[in-house]
Amino acid sequence: MQSRIENLLKNVKVRDLALQKDHRIGPDTPLAEVYRAFDEQGHGAAMVCSGDDIVGIFTQRDVLNRTALEDLDPQTPVSEVMSDHPVTIGWNEPLAESIRAMVEGNYRHMPVVDDDGRQVGLLSTRVILRFIADQYPEAVLNLPPRLRQVMTHSEGG
Amino acid sequence: MLCPNCGYDNIQGTDLCESCGSDLAGLDLVEAHPGFRGRLMTDHIGDLPLISPPPFVQPDTTVAAAVSLMREARLGCVLVQEGSELLGIFTERDVLTRVLRPGKNPREVVMSEVMTADPITLSPSEPPAHAIHLSAARGLRHLPVVAGDSVLGFISVRHLLRHIHENVLGET
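Sequence lines, in order, name chains A and B.
Reminder that position 148 of the first sequence reads as 148 in my numbering, one-by-one numbering, no gaps.
Just add 1000 to the spot in the second sequence (first one is 1) and you have my numbering.
None of these hints come from the bench; they were simulated from the model.
Hints should not be assumed to be uniformly reliable.
Now the stretches of chain B that chain A is said to cover, found in silico as 3 or more residues with beta-carbon under 8 Å [as the list claims (entries may be wrong)]:
(1) 1048 to 1060
(2) 1064 to 1074
(3) 1133 to 1139
Far from chain B by the CB rule (all over 10 Å, computed), these chain A residues [said to hold, decoys possible]:
(4) I25
(5) D73
(6) V120
Think of the CB as a built atom: it goes at the ideal place given N, C-alpha and C, for glycine as much as any other residue.
Work out the full structure, taking the sequences as your base and the hints as a guide.
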């Protein structure tokens, strides 16, 4: 017998979630532009596309690991620091499968593709956690007050 | 209460079936079903393998040193401490928004200038659902866990996802 949340995770599909749509950038996009987009939009990743093809992904973790101390020219194209050929997830996969893929691959973002392999959006752990959080509305009522800790921006903003 | 062995309809609360003598005690208790899963609302995060040990730095640690620590330890945050007191948190996102974007030098800027002071924390007695809510609602990818004066470590979205995968979905 499955719990309700387990049932949901195994039946809701990736395409039913609120995927990130403003996530695509070209391989020549300069780092300064990517930083600006990450900062202003609050996202943690961008999908690098050449025409309809997904050629790479560049994430917040890549900023930490590949650019933070390297004193790179801000005009450096993102293609030079991105991860090539990211693992994708099909839009008809159940949420549980996307969770498996993220845990096993240690990803926080995955491009989502349709039945023809075309990208339709970017899936993030945040979107998944938001879906799960929405199944426990009572948790919000139980949250202890953290009165002085009102964040008006997402982490680091 | 129907005996599962012979079907005899016993009086509710009988310990033994009056027809075949089968043990009926405990059948009317709520049974933890096979594959009992972790409960996101009732587990305590302190009881689960969810908390990573705190990667501590000092208020005068440079951003460059903190980044090196994060790279080596494969982490997305450091906790800024003075003595045993948690002063703040500095994350991979802060590297972007507070150092790289304003064009600051990571070798000169120190934690106290760019950390989030007095960060949102969790207590080990809170359930995973609280961590999930805070993370989803406020965009926090790393949450320090504090018990009184003691900093136990932090929870990250990766941990939460792994917990859901292993304990809600039952995958190991």
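Do the hints match the structure? See the list:
1. 1048 to 1060: violated (count 0)
2. 1064 to 1074: holds (count 5)
3. 1133 to 1139: holds (count 7)
4. I25: Check passes; 15 Å lies beyond 10 Å.
5. D73: Holds, since 13 Å exceeds 10 Å.
6. V120: holds (22 Å)
Hint violations for this structure: number 1 only, all remaining hints satisfied.
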